[in-house]
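Work the whole structure out from these sequences, hints included.
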Amino acid sequence: MTLLFDALLAVGIVGVAVAALFANDRFAAVGAFMVMGFLVALSWVRLGAPDVALAEAAIGAGLTGALLLRSARRLRVEPKMCQSRWSVAASGLISIGFAGLLYAAITSVPTVPAYPPLVAERLGESGVSNPVTAVLLNFRAWDTLLEIAVLFVALVLLIVVPVSRVRPAPLGEMVVPFAKVVVPLSVLISGHLLWQGADAPGGAFQAGAVLAGGGLALVLAGAMRLKKPLQGGILRATALSGLAVFGAAAVATAALTGHLLGYPDGQAKIWILGIEAVLTLAIAATLVLLFHGSVRRVPK
Numbered sequence: 000m001t002l003l004f005d006a007l008l009a010v011g012i013v014g015v016a017v018a019a020l021f022a023n024d025r026f027a028a029v030g031a032f033m034v035m036g037f038l039v040a041l042s043w044v045r046l047g048a049p050d051v052a053l054a055e056a057a058i059g060a061g062l063t064g065a066l067l068l069r070s071a072r073r074l075r076v077e078p079k080m081c082q083s084r085w086s087v088a089a090s091g092l093i094s095i096g097f098a099g100l101l102y103a104a105i106t107s108v109p110t111v112p113a114y115p116p117l118v119a120e121r122l123g124e125s126g127v128s129n130p131v132t133a134v135l136l137n138f139r140a141w142d143t144l145l146e147i148a149v150l151f152v153a154l155v156l157l158i159v160v161p162v163s164r165v166r167p168a169p170l171g172e173m174v175v176p177f178a179k180v181v182v183p184l185s186v187l188i189s190g191h192l193l194w195q196g197a198d199a200p201g202g203a204f205q206a207g208a209v210l211a212g213g214g215l216a217l218v219l220a221g222a223m224r225l226k227k228p229l230q231g232g233i234l235r236a237t238a239l240s241g242l243a244v245f246g247a248a249a250v251a252t253a254a255l256t257g258h259l260l261g262y263p264d265g266q267a268k269i270w271i272l273g274i275e276a277v278l279t280l281a282i283a284a285t286l287v288l289l290f291h292g293s294v295r296r297v298p299k
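Here the sequence shown is numbered in numbering that gives the first Met the number 0, starting from 0 and rising by one per residue.
Treat the hints as calculated values from the structure; they're not laboratory data.
Just so it is clear, the structure is predicted and the values come from calculations on it, not from any experiment.
Warning: the hint list may mix true and false statements.
Pairwise CB distance ranges, derived in the manner of DEER restraints [as the list claims (entries may be wrong)]: (1) Ser107 - Ala48: 18 to 28 Å; (2) Ser107 - Gly47: 15 to 25 Å; (3) Pro49 - Arg72: 31 to 41 Å; (4) Arg139 - Val87: 35 to 45 Å; (5) Gly273 - Phe97: 37 to 47 Å; (6) Ser90 - Phe26: 30 to 40 Å; (7) Ser86 - Leu117: 44 to 54 Å; (8) Arg84 - Val10: 21 to 31 Å; (9) Phe4 - Met173: 33 to 43 Å; (10) Arg84 - Gly273: 38 to 48 Å; (11) Gly265 - Val111: 29 to 39 Å.
Note that the Cβ used here is the ideal one computed from N, Cα and C, for glycine as well.
Shown next, in the form of structure tokens:
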């Protein structure tokens with residue numbers, strides 16, 4: 000029965016992906032993409048990676064789907080262009096080539112992974128009991144810092160490039176009851192994911208994505224108006240604080256221990272929770288700003 004479920008899940012992922020690629024309607028394509036994201040999240044659960052499953056469901060399907068829906072609404076409908084058979088054949092050959100390279104890379108990996116034993120051996124020094132958090136915020140904290148830098152670059156580009164804003168006023172009265180339920184739940188679930196990330200699946204990215212969902216409900220209800228200087232400024236400052244605090248933590252730990260992001264003995268958990276708390280707010284603010292668009296006026 001388990002094998003049958005996994006086979007149906009794999010076929011479903013491929014089928015929905017094909018539907019997203021070849022759908023004639025943009026909204027149908029985005030809907031298929033979001034369904035595919037949730038199926039992929041379920042597949043990660045089946046593979047024993049709940050942290051990745053949470054991130055895929057919250058960010059890969061939820062927030063990315065919302066961004067795609069927003070973009071699909073704003074894009075002009077272009078007339079369909081007939082593709083030649085040669086271009087279709089070339090695309091197919093390139094896809095098959097990439098699939099072959101991916102298969103070769105997967106089969107070349109040793110069947111017994113080398114990293115889990117190393118992480119388990121040093122887990123007691125990390126300050127947390129969740130190996131994923133230990134890697135992301137301690138052993139390989141530089142990788143997470145670079146991920147936050149990527150979000151920072153995306154936010155800077157959003158501020159620099161003038162684009163028109165989303166006007167959620169028509170949805171205001173309809174979304175208010177929904178927001179009254181979703182926003183408190185998003186805050187509670189986000190706090191839970193942040194706190195349990197040290198010992199169980201969760202963490203800043205998952206918590207930030209859930210909190211951003213509550214922020215989007217406020218935007219759509221008209222309760223959060225980023226056009227106002229105070230609200231927009233606070234949200235942008237919160238979004239930029241993630242990289243600033245993470246960078247300051249790197250400099251501070253270097254001054255204290257001589258190693259960038261090398262936490263003092265016995266204080267690793269305090270540092271990790273402090274950094275993750277700020278990152279949760281920064282990620283949520285960044286995702287809300289990415290959905291809302293630039294708050295600058297577009298020159299006429």
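State the violated hints by number, sorted upward, taking the hints as numbered earlier in the document.
Violated hints (numbers, rising): 6, 10; every other hint is consistent with the structure.
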